[in-house]
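Just so you know, the sequences run in chain order C and F.
Here my numbering is used: the first residue of the first sequence is 1, the next is one more, and so on.
Here my numbering is used: the first residue of the second sequence is 1, the next is one more, and so on.
Simulated from the structure, these hints should not be mistaken for laboratory data.
Here a beta-carbon is modelled for each residue, glycine too, at the ideal position from N, C-alpha and C.
Warning: the hint list may mix true and false statements.
[What the hints assert, rightly or not] Across the chosen pairs, the derived CB separations fall in these ranges:
| no. | chain 1 | residue 1 | chain 2 | residue 2 | range |
| --- | --- | --- | --- | --- | --- |
| 1 | C | 57 | F | 296 | 15 to 25 Å |
| 2 | F | 382 | C | 73 | 45 to 55 Å |
| 3 | F | 336 | C | 287 | 58 to 68 Å |
| 4 | F | 80 | C | 285 | 41 to 51 Å |
| 5 | F | 58 | C | 287 | 35 to 45 Å |
| 6 | C | 295 | F | 256 | 52 to 62 Å |
| 7 | C | 57 | F | 80 | 30 to 40 Å |
| 8 | F | 256 | C | 363 | 20 to 30 Å |
| 9 | C | 84 | F | 309 | 51 to 61 Å |
| 10 | C | 314 | F | 253 | 17 to 27 Å |
| 11 | C | 72 | F | 348 | 21 to 31 Å |
[What the hints assert, rightly or not] According to the in silico footprint, chain F covers these stretches of chain C (three or more CB under 8 Å from chain F):
| no. | segment |
| --- | --- |
| 12 | 61-70 |
| 13 | 191-205 |
Below, each chain spelled out in residue letters.
Protein chains: 2
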Amino acid sequence: MEFRYSDKTLGMRPSIIRELLKQMSDPQLISFAGGNPAADSFPAGEIRSFSDRLLAEDPVGMLQYSVTEGYGPLREACRAFADRKWPVVKGADEVVITSGSQQVIEFMAKLLCNEGDVVAVEEPAFLGAYNSIRSFGAVLRGVPLEPDGVDLNALEAAFAAEPRPKFFYCIPNFQNPTGYTTSEEKRKAIYRLAVKYGVPVLEDDPYGALRICGEDVPPIKHFDECGAVVYAGSFSKILCPGMRLAFCAGQKDFITKLVTAKQGSDVHTNVWAQRVCERILTQTDMNAHIARLQAIYRDKANYMMEKIDEELAGAVSYVRPEGGMFLWAKLPAEVPTAAFVQRCLEKKLAVVPGSAFYTDSGVDQPFVRLNFSTPTKEQIDRGVAIMADVLDELTKPL
Amino acid sequence: MEFRYSDKTLGMRPSIIRELLKQMSDPQLISFAGGNPAADSFPAGEIRSFSDRLLAEDPVGMLQYSVTEGYGPLREACRAFADRKWPVVKGADEVVITSGSQQVIEFMAKLLCNEGDVVAVEEPAFLGAYNSIRSFGAVLRGVPLEPDGVDLNALEAAFAAEPRPKFFYCIPNFQNPTGYTTSEEKRKAIYRLAVKYGVPVLEDDPYGALRICGEDVPPIKHFDECGAVVYAGSFSKILCPGMRLAFCAGQKDFITKLVTAKQGSDVHTNVWAQRVCERILTQTDMNAHIARLQAIYRDKANYMMEKIDEELAGAVSYVRPEGGMFLWAKLPAEVPTAAFVQRCLEKKLAVVPGSAFYTDSGVDQPFVRLNFSTPTKEQIDRGVAIMADVLDELTKPL
Numbered sequence: 001m002e003f004r005y006s007d008k009t010l011g012m013r014p015s016i017i018r019e020l021l022k023q024m025s026d027p028q029l030i031s032f033a034g035g036n037p038a039a040d041s042f043p044a045g046e047i048r049s050f051s052d053r054l055l056a057e058d059p060v061g062m063l064q065y066s067v068t069e070g071y072g073p074l075r076e077a078c079r080a081f082a083d084r085k086w087p088v089v090k091g092a093d094e095v096v097i098t099s100g101s102q103q104v105i106e107f108m109a110k111l112l113c114n115e116g117d118v119v120a121v122e123e124p125a126f127l128g129a130y131n132s133i134r135s136f137g138a139v140l141r142g143v144p145l146e147p148d149g150v151d152l153n154a155l156e157a158a159f160a161a162e163p164r165p166k167f168f169y170c171i172p173n174f175q176n177p178t179g180y181t182t183s184e185e186k187r188k189a190i191y192r193l194a195v196k197y198g199v200p201v202l203e204d205d206p207y208g209a210l211r212i213c214g215e216d217v218p219p220i221k222h223f224d225e226c227g228a229v230v231y232a233g234s235f236s237k238i239l240c241p242g243m244r245l246a247f248c249a250g251q252k253d254f255i256t257k258l259v260t261a262k263q264g265s266d267v268h269t270n271v272w273a274q275r276v277c278e279r280i281l282t283q284t285d286m287n288a289h290i291a292r293l294q295a296i297y298r299d300k301a302n303y304m305m306e307k308i309d310e311e312l313a314g315a316v317s318y319v320r321p322e323g324g325m326f327l328w329a330k331l332p333a334e335v336p337t338a339a340f341v342q343r344c345l346e347k348k349l350a351v352v353p354g355s356a357f358y359t360d361s362g363v364d365q366p367f368v369r370l371n372f373s374t375p376t377k378e379q380i381d382r383g384v385a386i387m388a389d390v391l392d393e394l395t396k397p398l
Numbered sequence: 001m002e003f004r005y006s007d008k009t010l011g012m013r014p015s016i017i018r019e020l021l022k023q024m025s026d027p028q029l030i031s032f033a034g035g036n037p038a039a040d041s042f043p044a045g046e047i048r049s050f051s052d053r054l055l056a057e058d059p060v061g062m063l064q065y066s067v068t069e070g071y072g073p074l075r076e077a078c079r080a081f082a083d084r085k086w087p088v089v090k091g092a093d094e095v096v097i098t099s100g101s102q103q104v105i106e107f108m109a110k111l112l113c114n115e116g117d118v119v120a121v122e123e124p125a126f127l128g129a130y131n132s133i134r135s136f137g138a139v140l141r142g143v144p145l146e147p148d149g150v151d152l153n154a155l156e157a158a159f160a161a162e163p164r165p166k167f168f169y170c171i172p173n174f175q176n177p178t179g180y181t182t183s184e185e186k187r188k189a190i191y192r193l194a195v196k197y198g199v200p201v202l203e204d205d206p207y208g209a210l211r212i213c214g215e216d217v218p219p220i221k222h223f224d225e226c227g228a229v230v231y232a233g234s235f236s237k238i239l240c241p242g243m244r245l246a247f248c249a250g251q252k253d254f255i256t257k258l259v260t261a262k263q264g265s266d267v268h269t270n271v272w273a274q275r276v277c278e279r280i281l282t283q284t285d286m287n288a289h290i291a292r293l294q295a296i297y298r299d300k301a302n303y304m305m306e307k308i309d310e311e312l313a314g315a316v317s318y319v320r321p322e323g324g325m326f327l328w329a330k331l332p333a334e335v336p337t338a339a340f341v342q343r344c345l346e347k348k349l350a351v352v353p354g355s356a357f358y359t360d361s362g363v364d365q366p367f368v369r370l371n372f373s374t375p376t377k378e379q380i381d382r383g384v385a386i387m388a389d390v391l392d393e394l395t396k397p398l
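This is chain C alone, in the form it adopts within the complex (with noise of 0.2 Å):
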């Protein structure tokens, strides 16, 4: 039978990256196109010493059903783990759990949009941000993004014109792709642009405990006085993705909307990660776990570029990342992205050309997106030679 489907539906697509990374089952590639924490980051023993606790002493409280909002001293924790360096969360906020922060850009979207809206997004910026709000049939307004954060005219711009966007998504620290940090001022200035022009904020900071260099920067969350930013943090790249949990903080009125789409969707989030989860948040050292993941992504990409400097110098160029997973690599004029790409592949070696993270996937853009964070270093070095192999095959002249 033909199903009917919607209009949105007819419009979605899957995730370029995804669909890429399942085809690879070749054990010989390399990948710098994932976006994979380090294995060697996860509290291994830890979740498994408290897992097997719990489910001994409370079988029950860790099996049966639980309330949408999320177990409530996971909020707690949840709570005063975003407000560790900075007042983050509000008196008048709320803290919600979710299924990962994936959740949080979706039930933003199905919230506030009706077919046809704009949303205003950093461009390039999060594929699966876009997947999703685009998903229910948003139209998304890209604004350039700048090493330093967002070009704020741009941002005004879209902010100002008809039809005002329902939100604006951006992830302020060590962007995915670009790797960019948006700088204090700039946050300051997205904030008061909201407020402004009455359009909502969704800062999603993944990313944010993993600073490998610099000073860390408040979030826009924490600039808020009127309820004008949601705050999404998550567990996934600080203790492991496969749990699947993140948090949400915004105002009150929205996270009662929110946690009654999450009743629809998937009644409340898996409740061993919540229990498992608030014991590491209360019972373990975060500051030296987040410590010993910073000394891992430091090495890793302090390497990565080293090899980059030294095998392509003056052929790829970027801007040094100061946490995150990503180098944003920009290729010389004359090689064009998609043959780099394909040719690397060949090779055995993913990348991810740039394009895919725009709103326009089908313009070719000068860059390919590099994850330090899952090769190990002997896969960073034959990747990097790979990488100079091709450049050399592609700019050497006919």
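Given chain C, work out where chain F should sit, using these hints.
Chain F alone, transformed into the frame defined by chain C:
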């Protein structure tokens, strides 16, 4: 800041039942209102031991990102589980893992419904399905449910009406809230009407394994030869709900779109739950486990029915359910349901008014839904005694 919500959000309502249950912090309160499986039905020991072994043997596989479709061996195990009595998953079908079967309803509605589209539903039926379908701006068309399944004339009229429904939602086994089971004849007739009018069926089967008497009836999906039926199976009632684990079988094109929707919603389902469930399905005696559950529920159901027959004889009537978790109790004509529910609550017994399960919940219905899976026998004794007192009070001549 005032957020500008979407039209569909303004029509969303929280589940009356979950809101009711949230307020039940009073430990004195007896609840016949929930839908929780019996706590002693959870295979807590097996879950704990598989969990611990898997976290020790393959921590990275348990904690890293995974594919949206779900863990391959679990998908295979779900197919085998669904097919254990009759072929259910057909050769042209795919199976995908979801975060509870609530998510299947959500994605079916999202994938098929534009705002204003019609969805045919059994009436009364599961409130969470109504809420999820409505959250995409779709309009419910209720089809009256009889003790042997939906009224076929009304179903045909609903399918023939313009605009034609995008799909039909039903729970053929031990329905929520009525406990009714659709006969094999009516299942075949539903399938024939679905094909005749081109209206896909979403067959939700969370309770199918919980039969307490009578003979199993093949799922509608068993008769499906053209991909008209999407089948949702759940582990919430046969393993535990806190895991949030279910599966969906349907034609390939639909499942591909569902996977894209899931990418944008929660990326994938919690891996721990998937891995533990796969071990339980493949390495334990599920038939013995299900027989044990059936014994627990048979005992509780029979106990509640006995008590009602003893203490409320003549006043309250119901169709004996052959499985599931619920009795659909009809009150005497002269007793207003709202007053009955209110007086029960004052005497520390929670029951759900029947109107909650109708498309127009504002119209009083002479039914209450009684859950027998959660309360203990002592609680059943006290709860039925409270109902008897309240009926006495409300039927006494003034």
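Now the hints, each set against the structure:
1. Separated by about 23 Å at the C-beta atoms, residue 57 of chain C and residue 296 of chain F satisfy the suggested range of 15 to 25 Å.
2. At about 31 Å, the CB distance of residue 382 of chain F to residue 73 of chain C disagrees with the hint of 45 to 55 Å.
3. Taken as a hint, the range 58 to 68 Å holds for the pair residue 336 of chain F and residue 287 of chain C, whose Cβ atoms sit roughly 60 Å apart.
4. Range check, residue 80 of chain F to residue 285 of chain C: Cβ separation about 45 Å, and the 41 to 51 Å hint holds.
5. Hint check: residue 58 of chain F to residue 287 of chain C, Cβ distance near 29 Å, so the stated range 35 to 45 Å is violated.
6. Between residue 295 of chain C and residue 256 of chain F the CB atoms are about 41 Å apart, so this pair departs from the stated range of 52 to 62 Å.
7. Between residue 57 of chain C and residue 80 of chain F the C-beta distance comes to about 34 Å, which sits within the given range of 30 to 40 Å.
8. At roughly 26 Å, the beta carbons of residue 256 of chain F and residue 363 of chain C sit within the given window of 20 to 30 Å.
9. The hinted window of 51 to 61 Å between residue 84 of chain C and residue 309 of chain F holds, with their beta carbons roughly 60 Å apart.
10. A hinted range of 17 to 27 Å for the beta carbons of residue 314 of chain C and residue 253 of chain F is inconsistent with their spacing of about 49 Å.
11. The given range of 21 to 31 Å is respected by residue 72 of chain C and residue 348 of chain F, whose C-beta atoms sit roughly 24 Å from each other.
12. Three residues within the 8 Å Cβ limit are the bar, and the segment 61-70 of chain C against chain F gives 7, so the coverage statement holds.
13. Judged by the Cβ-Cβ criterion of 8 Å, the segment 191-205 of chain C is covered by chain F as claimed, because 4 of its residues qualify and three suffice.
Figure legend: structure checked against the earlier numbered hints; hints not met, in rising order: 2, 5, 6, 10.
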